[in-house]
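Add chains B and C to chain A, keeping to what the hints say.
Residue-level listing of the chains:
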Amino acid sequence: MDWRIWSLKKSPWVFHVNAGACNNCDIEVVDLLTPKFDVERLGIKLVGSPRHADALLITGVGTAQTAKRVQEVYRQTPKPCVVICIGTCACDTGIFHSGYHVVGPIDKIIKEIDPNAIIAYVPGCPPKPEAMISGIVKALSAL
Amino acid sequence: MKKEVRFEKMNEKELKNKLEKIKDKLTKIEQTSEKRIFLYCESENSHSVNKYLFEEVPLRFVIETGIDSVDYFEILYHYACDDTGWVVTLKTFIRDHEKPSIESIAPFLPGAEWTEREIHDELGIEFKGHPNMRRLILSDDWPEGVYPLRKEVPK
Amino acid sequence: MKKTVNLHKPVLAVGPFHPLQEEMEYFKLTVDGEIVTDIDVRISYNHRGMEGISETLQFDQVPYLVSRICGICSASHPLAYVQAVEEICGIKPPERALYVRTIINEMERLHSHILWAGLAGHFIGYDTVFMWAWKYREPILDLLEEITGNRNNYGNVRVGGCREDIQEELKPKILDEMDKLEKKIEMLTKAVLDDPILHMRLKGVGILSKEDGIRYAITGPTARGSGIDIDVRRDDPYAAYGELDWKVITAPEGDVFAKVVVRLLEVLESIKMIRQAVKKLPKGPITTEVKEIPPGEGCGRAEAPRGETFHYIRSDGGNRPVRHKMRAPSYVNVPSFKASCIGQHIADVTITLAAVDPCYSCTERLAVVDGHHNIVHDYDALLKMSRDKTARLKKELGLRELKMKDFEIE
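Chains as they are written, first to last, in numbering that gives the first Met the number 0: chain A, 0 to 142; chain B, 0 to 154; chain C, 0 to 409.
Partner residues are not named here, just some residues of chain A that face chain B (Cβ under 7 angstroms, in silico):
#, residue
1, Ala-63
2, Gln-64
3, Tyr-99
Label-pair distances were calculated between CB atoms; the ranges are:
#, chain 1, residue 1, chain 2, residue 2, range
4, A, Val-46, C, Asp-228, 36 to 46 angstroms
5, A, Glu-111, C, Ser-208, 43 to 53 angstroms
6, A, Pro-77, B, Pro-57, 56 to 66 angstroms
7, C, Lys-290, B, Glu-151, 29 to 39 angstroms
8, B, Glu-43, A, Ser-48, 50 to 60 angstroms
9, B, Pro-57, A, Ser-10, 58 to 68 angstroms
10, A, Lys-35, C, Pro-281, 28 to 38 angstroms
11, C, Leu-267, B, Ile-28, 41 to 51 angstroms
12, A, Leu-41, C, Ala-380, 22 to 32 angstroms
13, B, Glu-19, C, Lys-246, 26 to 36 angstroms
14, C, Met-186, B, Pro-57, 36 to 46 angstroms
15, B, Pro-57, A, Glu-111, 48 to 58 angstroms
Note that these hints are calculated values from the structure, not bench results. In this text the structure is predicted, and so the values were computed from the model without any measurement. Idealized CB from N, CA, C, for every residue including glycine.
Here chain A stands alone, though its shape is the one from the complex (with noise of 0.2 angstroms):
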């Protein structure tokens, strides 16, 4: 096995991007660190930068303001990496579809940079905690 994958599947670095959310997601993504769901003990780590990371975590619709911030981050990110969007705005803009100032949703957005991007979808409003662990896993276990 390739021993960057290896590395990878074995304690996966996440960095939450956050593309114009309303929060609700996000502290979800908080609460993994929380006592409750405790991610650190199964290797998940958030970490402050996205050099570090082996995958994305991104929330939000894709906003116009933060669309170029979510490919510059992308590219920032060492590949290969894994793209997950979490809660139902970022795998399709929801309720905000018809909204003037949402050029999302995410998938969009990075295969404008990157056809090829590897991306995985956890919807919910939000997810619950459950969710975005098992999605993760999924996630990295596809590479």
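Quick look at chains B and C alone, frame taken from chain A:
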């Protein structure tokens, strides 16, 4: 629940009297329900009426709403009277739909700075005398001159 | 020497997206040495054009839209909206619905304030408080899930009443959880009020005067912690608040410590209110039929955890709003950061901003721009400065930080 009695608390009668005092600058006063009152005025008088409501009555500023009513623009200044629980809304009419403009209240009410910048972004109304008129809520690359809440802009 | 040149830097060059940062705002601070002289805020990252979308939806679809304005005030926004529409219709929901609305909104206030307490602890280096607070938030979220079906975004209000009822079997469970939580919050409040490090760290920091507060039109605990005695629940009673016995908490000092105390004591008041509402819950239907919305205008207000939420609706008799204005409390509270932050040391900016309790922990988007030397302090640097200051004070006083076992009850 007992409401504590505070010195200088205004009651409904006093509030109504104070609103009557600027009647000459208003075109209409409409009470839509028990605790909601709408004052109508033209844009020329908006600045002085707002100053009166904020400083003299005094009321707490809540927010401004901008509306495109096709032939004219409206700006609603919402105020709260916490002593009585009333919401006093000043409805101002800007008759020039081509080049709408009105005097800003931000110089004496810094709490109105953001909301006027937002109305400018969304409806293109000019606020004369605004201390810091810049883009607020639209993205850096949003095209100039496109005002999303105007009626002619398709949703 | 005063530096007045602001550097324009793209957001990413200034600071990473921090995992604890939930929303994206961009704060640019200008400094003179280590004292803040000016701030600028760039918002827009979260602008989704809600007011425009609302005009394309029907009146009964709008509550689902507005509960997503902000995840943590997700019960207050739809409540303010339906109250505005009910005002236009001139109808009053049944008594039971009013009580259910009250219980859900107060439970939201509980978990929001506790979340905030955790984040504030994190900013000053009390990570124990962060973990503890977020752990004890969970039972409230579980209760909300049992009542409404979701931990957040309850979708429980509709024009004319509520959608989901509180089942009789749940009532003892709610009362039991409130008892447990009350003991824990009382311990935390006592620990905060007694801790000399916190006194030194937070008193006199980030003072927002009452006069500035009125000029910036602030609301909520930010205002009540600056001596401004306002609370929509008392001033313009809605739902069942007029029938419960509770008090408004204020503190005159205006500093960060006052705001911490106001929020913690409000949690205790909320627990009392929930107990009363559950015991007094009247029997009956939870909704009335509303066939159509006549032309008119309505203003609805609710006291969200952060302050007053205000919604204005104009209807022309059709089935969509003609105009829907939404005002979140953070919209007026965040600009007041300018008044409370200027003159502060940069080690205190993260906690000063947190005291405003923006509807996001936007301190991540905080950066210091120093035109002369080209030094930029990003969020991590500011956070470290804040935590280092606490550590320094601890050393000076010769005390240790609160540990998890301090919070355990026998």
